[in-house]
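Number of protein chains: 4
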Amino acid sequence: MRTDVRKKDVSIPATMKAWVLDDPEKLRLVEKPVPEPGPAEVLVRVDAVSICGTDVEIITKGLPAWIRGGLPFNKNFTPGHEYMGTVVKLGVGVDEYAVGDRVAVEIHAGCGRCERCRMGMYTSCLNYGLNYGEKNKGHRANGFTTDGGFAKYAVNHVNTLVHVPDDMSDEEATLIVTAGTAMYGLDVLGGLVAGEALAVFGPGPIGLMSVAVGKALGAQPVILTGTRDSRLNLGKKLGADHVINIRNEEPVAAVKRITGGRGVHYVMECSGAPSAFNEAMDVVNRGGRICLAAFPTEPALVDLAKLVRNNIYVYGIRGEGRSATHRAAALMAQKRFNAKLMHTHTFPLEELPTAFRYFRERIEDAIKVVVKVS
Amino acid sequence: MRTDVRKKDVSIPATMKAWVLDDPEKLRLVEKPVPEPGPAEVLVRVDAVSICGTDVEIITKGLPAWIRGGLPFNKNFTPGHEYMGTVVKLGVGVDEYAVGDRVAVEIHAGCGRCERCRMGMYTSCLNYGLNYGEKNKGHRANGFTTDGGFAKYAVNHVNTLVHVPDDMSDEEATLIVTAGTAMYGLDVLGGLVAGEALAVFGPGPIGLMSVAVGKALGAQPVILTGTRDSRLNLGKKLGADHVINIRNEEPVAAVKRITGGRGVHYVMECSGAPSAFNEAMDVVNRGGRICLAAFPTEPALVDLAKLVRNNIYVYGIRGEGRSATHRAAALMAQKRFNAKLMHTHTFPLEELPTAFRYFRERIEDAIKVVVKVS
Amino acid sequence: MRTDVRKKDVSIPATMKAWVLDDPEKLRLVEKPVPEPGPAEVLVRVDAVSICGTDVEIITKGLPAWIRGGLPFNKNFTPGHEYMGTVVKLGVGVDEYAVGDRVAVEIHAGCGRCERCRMGMYTSCLNYGLNYGEKNKGHRANGFTTDGGFAKYAVNHVNTLVHVPDDMSDEEATLIVTAGTAMYGLDVLGGLVAGEALAVFGPGPIGLMSVAVGKALGAQPVILTGTRDSRLNLGKKLGADHVINIRNEEPVAAVKRITGGRGVHYVMECSGAPSAFNEAMDVVNRGGRICLAAFPTEPALVDLAKLVRNNIYVYGIRGEGRSATHRAAALMAQKRFNAKLMHTHTFPLEELPTAFRYFRERIEDAIKVVVKVS
Amino acid sequence: MRTDVRKKDVSIPATMKAWVLDDPEKLRLVEKPVPEPGPAEVLVRVDAVSICGTDVEIITKGLPAWIRGGLPFNKNFTPGHEYMGTVVKLGVGVDEYAVGDRVAVEIHAGCGRCERCRMGMYTSCLNYGLNYGEKNKGHRANGFTTDGGFAKYAVNHVNTLVHVPDDMSDEEATLIVTAGTAMYGLDVLGGLVAGEALAVFGPGPIGLMSVAVGKALGAQPVILTGTRDSRLNLGKKLGADHVINIRNEEPVAAVKRITGGRGVHYVMECSGAPSAFNEAMDVVNRGGRICLAAFPTEPALVDLAKLVRNNIYVYGIRGEGRSATHRAAALMAQKRFNAKLMHTHTFPLEELPTAFRYFRERIEDAIKVVVKVS
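Residue numbers (the working numbering), protein chains in the order written: chain A, 1 to 374; chain W, 1 to 374; chain U, 1 to 374; chain E, 1 to 374.
What the hints contain is simulated information worked out from the structure, not anything from laboratory work. A couple of the hints might just be wrong.
One copy or two, either will do: identical chains are not told apart, so a pair holds if it fits within one copy or between any two.
Said to hold, decoys possible - Here are the computed lysine-lysine pairs in the DSS-like style, where the Cα-Cα straight-line distance is at most 27 Å: (1) K135 / K306; (2) K340 / K306; (3) K237 / K335; (4) K256 / K135; (5) K237 / K372; (6) K61 / K306; (7) K335 / K61; (8) K17 / K32; (9) K26 / K372; (10) K32 / K135; (11) K135 / K335; (12) K335 / K236; (13) K32 / K75; (14) K256 / K340; (15) K17 / K372; (16) K32 / K61; (17) K256 / K236; (18) K75 / K135; (19) K17 / K61; (20) K340 / K75.
Kindly produce the complete structure, drawing on both the sequences and the hints.
Here's what the structure looks like:
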């Protein structure tokens with residue numbers, strides 16, 4: 001709990017600073033009304049928000065769901081989904097969180113009424129995007145289909161929240177949702193990874209977190225591939241037993257060398273590279289499993305017969321899911337790995353464009369660039 | 001679809017006939033306001049409602065959850081949860097069902113926000129009963145914690161509905177939720193029962209439906225135990241390969257005889273008899289599974305070491321769950337078994353007390369006693 | 001049981017007629033020693049054997065596993081894996097089957113000692129092919145890595161056998177393993193398909209069996225796609241609710257039309273067509289699942305981002321597995337679908353080359369061509 | 001690897017010292033032939049063996065399986081199942097292990113051919129005990145149905161072995177199988193325990209290991225109950241967040257207090273106390289799960305209606321399973337918890353009776369008493 005909020009009355013202003021998305025690449029800092037939390041929702045004072053590769057997609061191109069739904073350009077939309085903050089107001093019926101609680105967010109609150117939500121697969125909600133107008137089914141994707149965290153305040157459904165312990169910094173807490181995505185990937189792969197071989201392709205934030213969470217759960221060996229030694233070295237600090245710079249060594253041969261020819265049980269594909277899926281099929285052993293956690297940048301020529309011949313299962317994931325964020329947050333609260341190593345830069349809210357530039361251009365080896373809001 | 005509703009405007013009266021529960025055993029027919037459906041809800045014109053053993057519990061004793069929650073005696077509460085009817089009005093945002101659709105109901109709509117609902121286990125909702133007042137979390141259990149179907153109209157969350165095909169009678173449709181409970185029991189046992197041996201203890205409605213659904217999914221042999229030949233004969237018609245009248249033959253020996261000493265893979269315990277669990281442990285083979293679908297009437301002396309020695313798993317279920325009602329309804333729509341055989345008596349709404357008496361006293365071998373409302 | 005075997009002593013000759021594979025396309029009928037069953041094995045008198053597409057691959061090209069292992073050309077190898085027959089001799093320690101039992105076979109007996117076999121994934125055995133010489137791990141793949149059924153007798157591990165009921169013809173029993181593959185595909189998709197939409201691509205034997213098994217388990221609707229009306233009509237008889245001739249209608253649009261735009265929950269891809277996987281991703285709904293049960297003939301350009309965006313899971317299967325053959329045999333014994341419809345031609349063992357020609361060239365609309373041996 | 005074995009030829013004597021079980025309580029040290037490893041087996045030079053509560057059962061009373069099978073009294077039987085050692089000879093076809101490898105053992109090698117083994121449930125083998133004579137199905141339970149580790153040498157099926165790293169002591173390695181049982185218990189409970197509440201009843205070896213493994217996987221909080229402060233304090237060192245001495249505080253109330261009234265998600269029942277199961281049902285939340293890992297000493301009066309009302313699942317386990325020993329060994333190799341804390345005493349092989357006395361009478365707070373053999 002934060003005494004600045006708990007100890008005194010919280011006065012919530014009527015308006016707030018927020019970035020909104022005009023045309024592609026055009027973010028503008030405006031004064032916007034502070035939103036009101038509805039039933040099962042809370043108002044969060046945003047304390048910090050991290051930039052994700054998907055934010056760049058949103059800001060430069062929009063997303064397919066938007067184009068279908070009419071969002072987001074010139075609609076007064078505020079992006080940003082990797083945020084954390086402090087609960088300052090409760091909607092009707094909320095007692096899961098109290099004013100003053102520090103919280104981090106996951107992205108998706110499902111509609112709760114479609115087939116997938118009823119199965120617990122809320123990130124596969126069939127009513128994705130339907131949270132406006134007459135067809136409001138209650139689905140929310142923070143910073144995707146509802147206003148997000150590049151602002152002083154944001155409304156959240158309680159289903160998107162997780163508690164943040166006192167001794168975790170705001171910056172570290174913004175990384176919980178990334179760890180949640182990695183955890184969900186390992187969940188769909190079966191979750192029981194202790195002593196089994198895991199290859200992680202791509203040392204971006206999700207890849208690095210997959211290394212950290214995989215190692216925390218006991219995977220052995222954890223092998224990380226990438227093109228930049230600085231990232232690979234960071235992977236080592238987060239738990240990778242072996243790193244492969246694919247500029248120097250062909251990754252399939254390298255994984256086979258490390259595993260004595262047996263290959264790995266699991267692949268977390270976090271690179272999005274066109275060749276990655278073929279390589280994943282080649283390094284995974286018979287009966288092994290591949291999780292696709294990155295959006296491939298383009299269609300690739302794939303020899304699917306390998307999936308058939310070797311009884312391989314493939315799991316696409318579009319982010320976190322099945323409350324994996326809670327499990328990831330628990331590991332972080334228990335200090336099972338040092339997520340802070342991934343945080344490289346901090347900027348104030350007003351300097352969001354600079355923060356984006358650092359992230360996109362990887363200035364000074366930027367990995368996780370955090371915008372400090374409060 | 002029913003032309004009587006679809007073809008013309010539906011005029012909904014302001015008040016309706018409904019039975020309410022005064023003191024234990026005291027049901028009274030009153031005129032009550034017709035309720036309004038909220039968001040994600042519909043108003044159902046009740047066409048028929050079947051009597052369940054739990055209704056008897058409710059009417060005679062109340063339920064533990066009620067005693068905790070202050071319900072239901074003298075609170076104007078209307079019981080009844082095995083009902084079906086016709087959608088006559090849609091709440092905000094509903095397009096899953098249309099006015100005129102015939103629907104049957106399952107009991108539970110979870111809160112959608114607790115740990116269990118987020119996993120898809122909405123019948124294990126941790127906010128059970130919290131659908132009133134300041135702590136309204138949105139949980140509903142039709143006819144348990146909200147007004148049910150012994151009335152002309154009832155409000156339902158869309159999550160509790162399933163479509164009823166045109167060629168299924170009102171009476172048969174009231175049995176869908178019972179089939180859903182049987183299906184959920186088989187689901188938790190693993191669901192892949194084709195060619196595996198299933199023992200069903202107790203030829204009550206859930207037991208008989210377990211026979212029918214188990215056989216529809218290919219279980220072989222299906223063995224039913226009970227004390228009354230009329231019920232056991234009905235079990236044969238619904239798919240039992242063998243029936244055991246435990247007045248004539250000790251059930252453990254009989255199951256061993258039928259299975260060549262190997263025992264069964266699965267037991268559906270639907271009798272509630274004190275000895276049933278010990279017998280279930282004795283007839284299931286090593287690594288086998290037991291589903292408890294009936295409330296044992298009293299604590300029993302149990303040799304739990306058998307669970308440990310034989311690696312047996314036990315699954316308690318409190319009704320349907322995980323959308324099993326939809327799977328059961330599909331099998332019934334495909335006419336995989338003749339649920340109508342279980343329907344023995346019909347009474348009009350005004351004669352509910354007589355209907356109850358037939359059910360409780362098993363007059364004329366009553367099994368499923370249906371109250372026809374519209 | 002077959003009285004011809006049970007009633008009298010079974011005299012087993014020292015040698016037998018068997019087809020062996022010399023060079024590609026060169027099958028030769030020879031006289032070979034009758035093999036001896038070892039521990040956990042039985043000798044089966046082959047009564048009938050069906051021709052599978054994979055047999056054609058083996059006979060024309062060999063298989064990759066062979067090329068690695070030195071098999072099969074000019075090694076005195078006898079192919080044939082879809083056979084059934086009568087147990088005529090028991091190896092040491094066998095009491096699961098008796099002399100005279102009618103049996104059908106599944107292909108794989110795993111080594112029982114690798115990681116995958118220990119998990120029950122015996123068709124993903126990591127010691128595939130190692131059943132000879134110093135590295136004999138006990139793996140067997142009937143007709144792939146061990147002598148198969150185009151012969152008078154064949155040795156089988158008990159794990160590859162399933163009982164055949166008296167009232168099932170030899171010809172129908174050869175189709176059990178195909179049904180087992182379909183069942184395994186539905187198992188990996190989750191198994192609980194009642195009331196859920198299933199699209200089957202490709203009306204070859206596995207596709208047709210997927211229709212039949214899917215329908216037997218209650219899938220609704222079952223949609224079959226293909227290019228030939230005769231096959232599609234057969235699919236209807238086996239349980240397809242809708243068939244799509246993709247020469248007349250684009251399959252993605254057709255499935256969307258049939259499902260009211262929602263798409264299907266599951267796809268069984270049994271066509272091997274280059275475009276099939278992309279179409280599967282387009283017809284499956286968010287959170288849906290695809291089973292690849294056919295070997296794609298060539299690498300295809302695939303937009304894997306769809307898997308990520310829609311949280312789709314993909315399961316490659318290389319045949320039957322997890323005892324699915326037993327579940328399929330149970331459904332066939334219970335006459336849940338008429339597999340016999342798929343059997344079109346019969347030839348005696350001596351006319352195997354003619355039988356192959358009918359199968360390969362689809363002469364007279366041949367589907368399942370059976371060679372009657374005894 | 002151990003240089004004493006690797007560097008020079010291993011000379012294996014023809015006979016060895018071994019303890020055999022005459023009448024109940026009568027162990028005798030004899031000279032016995034060193035056994036020969038068969039196919040898929042190795043000969044292990046036993047280096048150390050730990051005493052388990054089940055050994056006491058075996059030595060004092062025999063086991064039900066024995067009484068059925070004619071074992072073990074006066075049959076020259078050598079008990080002992082928690083052993084580790086060095087591979088000194090390979091059976092035919094073994095390359096999974098090499099001479100000189102240090103290995104620890106798990107108990108069960110299934111027959112590989114019954115329904116349960118085919119599912120991967122080898123500890124539920126339906127051919128348990130059948131490893132002798134005409135009905136030899138190949139099942140082995142080290143030290144239960146085959147000669148065990150209170151001897152200089154023991155034969156093991158490769159399926160019962162796991163590698164021991166160089167930097168793990170012999171004494172610690174004897175504890176791997178106990179950790180494997182705890183891991184299997186957590187596996188059957190679902191395995192994804194990070195951030196979820198776990199209560200462990202009973203601070204015996206399996207209970208203490210359940211604390212350690214549960215905490216290693218991120219459970220939070222981990223609550224341990226027991227009657228002796230010394231054991232509870234050890235539990236704290238192994239990862240318990242809270243300990244409850246049930247002599248001082250009623251356990252149900254205490255767990256509710258610690259969890260803010262919510263109860264726990266999982267219970268590992270490792271005490272065998274008559275009241276434990278009722279308490280487990282009372283502390284687990286709705287939809288929660290209970291693993292029974294201890295043999296209750298006597299039948300207990302159980303209110304099974306709680307399982308039904310609260311949708312609780314119960315899993316009996318008879319030791320390790322599903323290769324959990326490999327996962328546990330991996331966590332121990334990674335030093336995720338300090339199993340050595342449980343090792344309290346060491347005696348030479350000749351002093352086995354003294355070692356047993358220390359274990360049974362808990363002399364000097366004995367927990368794990370290890371017999372050092374080589």
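Here's how the hints hold up against the structure:
1. For the homomeric pair K135 and K306, the shortest alpha-carbon distance between copies (25 Å) is at most 27 Å, but the shortest distance inside one copy (43 Å) is not.
2. For the homomeric pair K340 and K306, neither the shortest alpha-carbon distance inside one copy (39 Å) nor that between copies (32 Å) is at most 27 Å.
3. In this assembly of identical chains, the alpha carbons of K237 and K335 lie at most 27 Å apart whether taken from the same copy (14 Å) or from different copies (17 Å).
4. Taking identical chains as interchangeable, the C-alpha atoms of K256 and K135 lie at most 27 Å apart only when they sit on different chains, with a minimum of 21 Å there against 52 Å within one chain.
5. In this assembly of identical chains, the alpha carbons of K237 and K372 lie at most 27 Å apart only when taken from the same copy (25 Å versus 39 Å across copies).
6. When the C-alpha separation of K61 and K306 is checked against a cutoff of 27 Å, the pair qualifies only between copies, where the shortest distance is 18 Å, while the shortest distance within a copy is 34 Å.
7. In this assembly of identical chains, the alpha carbons of K335 and K61 never lie at most 27 Å apart, being 37 Å within a copy and 47 Å across copies at closest.
8. With identical chains, the CA atoms of K17 and K32 are at most 27 Å apart within one copy only, with a shortest distance of 6 Å there and 51 Å across copies.
9. Taking the shortest alpha-carbon separations for K26 and K372, only the intra-copy value of 21 Å comes in at or below 27 Å, while the best inter-copy value is 63 Å.
10. For the homomeric pair K32 and K135, the shortest alpha-carbon distance inside one copy (25 Å) is at most 27 Å, but the shortest distance between copies (31 Å) is not.
11. Taking the shortest alpha-carbon separations for K135 and K335, neither the intra-copy value of 43 Å nor the inter-copy value of 35 Å comes in at or below 27 Å.
12. For the identical chains of this complex, K335 and K236 are neighbours both inside a copy (17 Å) and across copies (18 Å), given an alpha-carbon limit of 27 Å.
13. Within a single copy, K32 and K75 get their C-alpha atoms as close as 13 Å, which meets the 27 Å cut-off; across copies the closest is 47 Å, which misses it.
14. For a Cα distance limit of 27 Å, the shortest separation of K256 from K340 qualifies neither inside one copy, at 32 Å, nor across copies, at 35 Å.
15. For the identical chains of this complex, K17 and K372 are intra-copy neighbours only, at 13 Å inside a copy versus 60 Å across copies, given an alpha-carbon limit of 27 Å.
16. In this homomeric assembly, K32 and K61 come within 27 Å of each other (Cα to Cα) only inside a single copy, at 23 Å, whereas the closest approach across copies is 56 Å.
17. In this homomeric assembly, K256 and K236 come within 27 Å of each other (Cα to Cα) only inside a single copy, at 19 Å, whereas the closest approach across copies is 41 Å.
18. Taking the shortest Cα distances, K75 and K135 sit within 27 Å of each other inside one copy (18 Å), while across copies they are farther apart (35 Å).
19. Taking the shortest Cα distances, K17 and K61 sit within 27 Å of each other inside one copy (24 Å), while across copies they are farther apart (58 Å).
20. For a Cα distance limit of 27 Å, the shortest separation of K340 from K75 qualifies neither inside one copy, at 35 Å, nor across copies, at 56 Å.
This entry does not satisfy hints 2, 7, 11, 14 and 20, going by the numbered hints stated previously.
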